[in-house]
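2 protein chains.
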Amino acid sequence: MRYSQLFLPTVKENPSDAETISHQLMIRAGMIRKLTSGIYSYLPLGYRVLRKVMGIIREEMDRAGAQEVLMPVVQPAELWQESGRWELYGKELLRFKDRHERDYCLGPTHEEVITDLVRNEIKSYRQLPKNIYQIQTKFRDEIRPRFGVMRCREFIMKDGYSFDADEEAAEVTYGKMYRAYQTIFRRCGLNFLAVEADSGNIGGSFSHEFMVLAETGEDALVFCDRCHYGANLEKAEGKLPVEIKENETVLPIKEVHTPDRRTIEEVSTYLGVEPRKLLKTLIYDADGKAVFVLIRGDREVNEVKVRNYLNCVHLALADETMIASLTGAPRGFTGPVGLKGTFIADYSVKGMVNFVTGANREDYHFINTNLDRDFKVEAFADLCVVQKGDLCPHCENPLNFMRGIEVGHVFKLGTKYSKAMRAVYLDQKGEEKFMIMGCYGIGVDRTVAATIEQNHDDYGIIWPVSIAPFVVIITPVNVKDGALMDVAEELYRRLTASGIDVLFDDRDERAGVKFADADLIGIPLRITVGTKTMAEKRVEIRERKTGEVKFVGKEEVGAYIEEYIKDQMAV
Amino acid sequence: MRYSQLFLPTVKENPSDAETISHQLMIRAGMIRKLTSGIYSYLPLGYRVLRKVMGIIREEMDRAGAQEVLMPVVQPAELWQESGRWELYGKELLRFKDRHERDYCLGPTHEEVITDLVRNEIKSYRQLPKNIYQIQTKFRDEIRPRFGVMRCREFIMKDGYSFDADEEAAEVTYGKMYRAYQTIFRRCGLNFLAVEADSGNIGGSFSHEFMVLAETGEDALVFCDRCHYGANLEKAEGKLPVEIKENETVLPIKEVHTPDRRTIEEVSTYLGVEPRKLLKTLIYDADGKAVFVLIRGDREVNEVKVRNYLNCVHLALADETMIASLTGAPRGFTGPVGLKGTFIADYSVKGMVNFVTGANREDYHFINTNLDRDFKVEAFADLCVVQKGDLCPHCENPLNFMRGIEVGHVFKLGTKYSKAMRAVYLDQKGEEKFMIMGCYGIGVDRTVAATIEQNHDDYGIIWPVSIAPFVVIITPVNVKDGALMDVAEELYRRLTASGIDVLFDDRDERAGVKFADADLIGIPLRITVGTKTMAEKRVEIRERKTGEVKFVGKEEVGAYIEEYIKDQMAV
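First to last, the sequence lines map onto chains A and B. Residue numbering for the first sequence follows this note's numbering, starting at 1 and increasing by one per position. Residue numbering for the second sequence follows this note's numbering, starting at 1 and increasing by one per position.
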């Protein structure tokens with residue numbers, strides 16, 4: 001491709017509305033342009049990268065035995081009503097009516113459509129397993145789209161769905177997909193981690209997220225260096241660092257005056273005790289029912305864990321009115337003593353002795369409260385956010401904390417959708433069974449953005465060879481020098497003919513401008529054709545990643561580059 | 001790919017709701033399934049064909065210098081308001097609001113988005129020309145979707161847009177695209193015709209449609225064998241077959257009683273004159289204004305021509321109320337004599353003498369009406385539908401009539417969108433100029449369906465090699481015969497390894513069932529591995545298209561097939 005013909009508008013300055021590196025660089029390198037909030041067009045350079053990522057995904061999906069289909073963007077409401085998600089899915093599901101006033105939505109995911117398709121066609125165990133995927137445009141009406149294509153509304157997803165006859169077969173399929181994902185992200189040149197994750201509104205029994213490690217990542221992760229346990233912070237389990245033995249004598253409960261002290265910090269300071277000696281009582285509205293969650297004062301509640309424990313759809317902290325009606329006191333003075341209701345406690349509460357709680361009376365707390373004597377807990381559960389110092393739940397090694405960008409997610413769905421939508425088959429004995437499902441997603445745009453977050457410097461993007469829009473850029477330093485241009489043209493023809501993606505910078509610009517653009521758009525190898533090197537029948541080849549410069553004989557350039565590509569693509 | 005693993009549900013019976021051959025066969029061959037009215041999912045077999053067509057399109061677009069991008073499905077109303085099409089486009093434009101109550105539509109086409117993108121980035125003649133395309137999901141809310149993917153609501157289109165500095169350059173680009181389209185459809189193995197067409201709601205100065213010839217086609221075409229003039233019937237011009245000399249003496253006009261005779265047929269029979277001696281007067285409501293269109297009794301009005309002549313947006317025949325208020329009489333008795341208004345006449349009216357017209361009085365007509373003496377015509381124009389017997393407008397050869405399926409459409413847009421949306425550039429003199437645009441569409445789904453309409457027999461589809469989902473199907477006649485399966489497996493491995501798309505029918509089914517499925521899904525070559533031929537170290541290769549059978553030595557199969565493919569792909 002000739003640069004002069006390419007629609008590649010690069011930009012010198014960082015766009016004011018771009019907060020993250022990948023967003024800035026995708027705009028500056030002429031990869032994307034914003035059409036409207038959270039909706040982007042891909043320009044030729046960006047689309048080349050996207051297509052390379054899609055190519056890798058296709059190869060690995062096909063290799064793992066999955067089959068490509070294409071399902072519609074526009075989906076009828078009926079299927080979503082059948083699965084129950086028409087009601088449950090929030091405003092991110094963009095709903096609309098057609099000219100006949102029938103209800104539809106833009107597909108944010110395709111569990112309903114694929115389950116409908118498969119239940120209509122598959123009737124026997126002999127037709128299983130089936131593993132089906134697509135690469136397709138999705139829409140989620142994010143309330144606050146941001147970070148460019150990282151959290152946008154319209155995006156491209158590879159979504160795959162598997163149907164197996166039994167749990168064992170489903171595990172095998174899950175494993176295949178898990179390994180295929182590892183290969184895909186490795187081939188894209190990414191440094192990533194697969195971690196346990198919450199299943200969110202997709203549902204199912206368990207799931208893993210594939211996280212590209214980057215400080216700018218939206219997700220917090222924990223990871224154990226010793227046993228390789230890893231999890232999204234939402235899902236992460238941990239052990240408390242030291243088992244605290246509270247060997248104190250149990251003292252009588254006593255109400256104390258704590259004027260206008262509401263927060264853990266205010267009360268602990270005022271009473272001169274550590275936060276860990278306080279009990280936090282949070283009231284939640286869980287699908288309309290009040291639930292009291294208790295946790296030690298120095299820990300935070302993980303609402304995802306609470307939601308999963310309660311198996312509820314809507315979970316929100318109680319408002320002042322609800323608190324007042326349940327406790328008779330304002331926020332900040334709630335405690336379990338004397339209240340009726342469902343109390344569940346985080347494990348951190350176990351073993352607490354003589355602790356401080358709210359007295360359900362304005363400006364008063366109890367001291368020397370004790371479990372069982374002063375109130376009863378219905379159940380203990382893991383409800384807390386893992387924090388620095390906590391230990392691996394498996395091997396008790398201290399956990400590491402990092403940040404990541406979710407680029408893939410594999411779910412063991414089980415029978416969630418096959419039961420709701422009656423996707424059944426007849427087994428060998430002629431008995432009707434529910435199909436066991438899995439689903440597997442890759443955010444294609446996000447993978448591109450995450451690659452940039454992980455591979456850039458002050459000058460621009462540094463593409464891994466496998467997904468670079470072009471592998472080589474040929475830069476003649478002076479397009480008005482005929483002899484020099486002949487050499488450059490010949491090189492361009494020869495490399496292109498041998499199947500290498502070459503960008504030929506034939507623009508009439510200063511070498512400095514060309515070099516800056518080549519760095520910005522991140523082409524792995526830059527071949528400079530200059531007067532001096534030409535006289536020596538050599539060219540200069542500079543590696544974007546390291547800045548290393550080699551001088552290679554004109555005739556050896558092709559072999560050199562092919563070798564370089566082979567080397568870089570080796571996974 | 002192993003047939004036993006493939007998600008390929010074939011169907012024996014024709015589905016009751018499928019009217020056309022391609023719709024029936026796409027369902028029966030397990031290529032597509034309907035999700036809801038006018039919205040289909042592509043199953044693996046169908047998607048393989050779709051991807052092959054997309055591959056050919058990409059290759060030819062890239063070769064012609066076009067660059068691939070990806071624009072969004074969801075488009076903001078503002079751009080459509082700017083071009084004026086938010087108001088003009090009918091209900092086929094599916095409009096909706098997002099969670100913030102902002103207006104959007106699902107893109108039926110992308111002139112607005114690309115014009116916005118280009119005007120923001122291109123400022124100078126040095127950045128022109130640019131030729132940009134995408135292959136992407138579109139939505140048109142058809143009032144009555146039908147014929148499967150032929151007239152559906154969600155579909156895949158290749159849409160391209162070109163931007164040139166002047167008319168001359170734009171013509172060059174148009175020619176390049178026209179030729180690329182010819183190559184694309186030729187490579188897809190189609191028998192097609194490029195014809196002049198109306199530009200419809202895309203607009204612009206002229207356009208050509210690429211029509212796959214098929215009796216089931218929705219479009220009527222005319223074509224001249226001598227000079228190769230071809231046009232969509234909507235657009236077609238023609239000369240009247242014989243110049244009729246009406247050398248009659250002009251007689252006095254006279255009102256006659258024609259009780260309850262309203263149609264041309266009724267009046268001509270009643271009065272005993274040929275339909276060509278009657279003048280038809282049609283009243284139209286053109287953007288709210290009444291227009292009288294006159295045409296000879298034996299011809300039909302072409303409303304597309306009327307709309308283009310009047311340059312109006314909404315055109316509809318007047319209803320009874322409007323007719324009564326304008327003529328004082330009911331429908332069937334309208335004539336130009338004595339009425340005030342705009343009269344435009346088709347060329348067929350020229351030279352008519354002593355003709356019959358409605359008298360604008362119930363149950364009465366005039367005979368011996370004459371032009372100029374009895375009423376005046378504002379203008380003559382070509383407003384009629386070309387019919388059998390008409391002559392080529394260029395060489396006066398009799399025109400041929402055929403039917404076709406529109407698979408591609410190239411438009412010379414001129415400055416329609418660049419003016420409305422101010423897409424300007426600075427020319428060499430620093431003067432601001434409007435970019436000259438073209439746009440170029442291919443219906444990808446339709447191309448697949450049209451291929452089937454043109455290539456099938458009673459047993460199923462007959463794929464051209466270039467877009468066949470698999471080129472070869474290997475059919476062992478008995479999967480329980482180990483030795484036979486070893487030969488089949490080896491053949492499968494070898495052919496697949498040499499890059500041929502092979503489907504291996506490893507199902508435990510009777511040979512007859514397998515042969516029927518192979519014919520139905522239309523694989524170009526079927527290799528049968530049977531006991532007898534195996535003993536002779538040969539296999540049977542049957543060509544789907546001709547039914548011809550060859551016996552080929554086991555070792556020569558690869559070479560034979562590669563040769564066959566090369567031969568079939570030669571355009």
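I should point out that these hints are in silico values taken from the structure, not numbers from a laboratory. Do not take every clue at face value.
Partial chain B-side listing against chain A, Cβ under 7 Å, derived [stated by the list, open to error]: (1) F7; (2) P9; (3) T10; (4) V11; (5) L43; (6) P76; (7) F96; (8) D98.
The model shown is predicted, which means the values in this text are computed figures rather than measured ones. For glycine and all other residues, C-beta sits at the position ideal for the given N, C-alpha and C.
Hint by hint, here is what the structure shows:
1. With its C-beta approaching chain A no nearer than about 5 Å, F7 (chain B) sits inside the 7 Å limit, and its interface hint holds.
2. Using the Cβ-Cβ criterion of 7 Å, the hint placing P9 (chain B) at the interface with chain A is satisfied: the shortest such distance is roughly 4 Å.
3. At a threshold of 7 Å, the smallest CB-CB gap from T10 (chain B) to chain A is about 10 Å, leaving the interface hint violated.
4. The closest approach between the C-beta of V11 (chain B) and any C-beta of chain A is roughly 10 Å, which is over the 7 Å cut-off, so the hint fails.
5. Proximity of L43 (chain B) to chain A holds as hinted, the smallest CB-CB distance being about 6 Å (cut-off 7 Å).
6. Because the beta carbon of P76 (chain B) sits about 4 Å from the nearest beta carbon in chain A, less than 7 Å, this interface hint is met.
7. Interface hint at F96 (chain B): satisfied, since its Cβ lies 4 Å from the closest Cβ of chain A, which is below the 7 Å cut-off.
8. A hinted interface residue such as D98 (chain B) counts as satisfied when its beta carbon comes closer than 7 Å to some beta carbon of chain A; here the least separation is about 5 Å, so the hint holds.
The structure is inconsistent with the numbered hints 3 and 4, although it conforms to all the rest.
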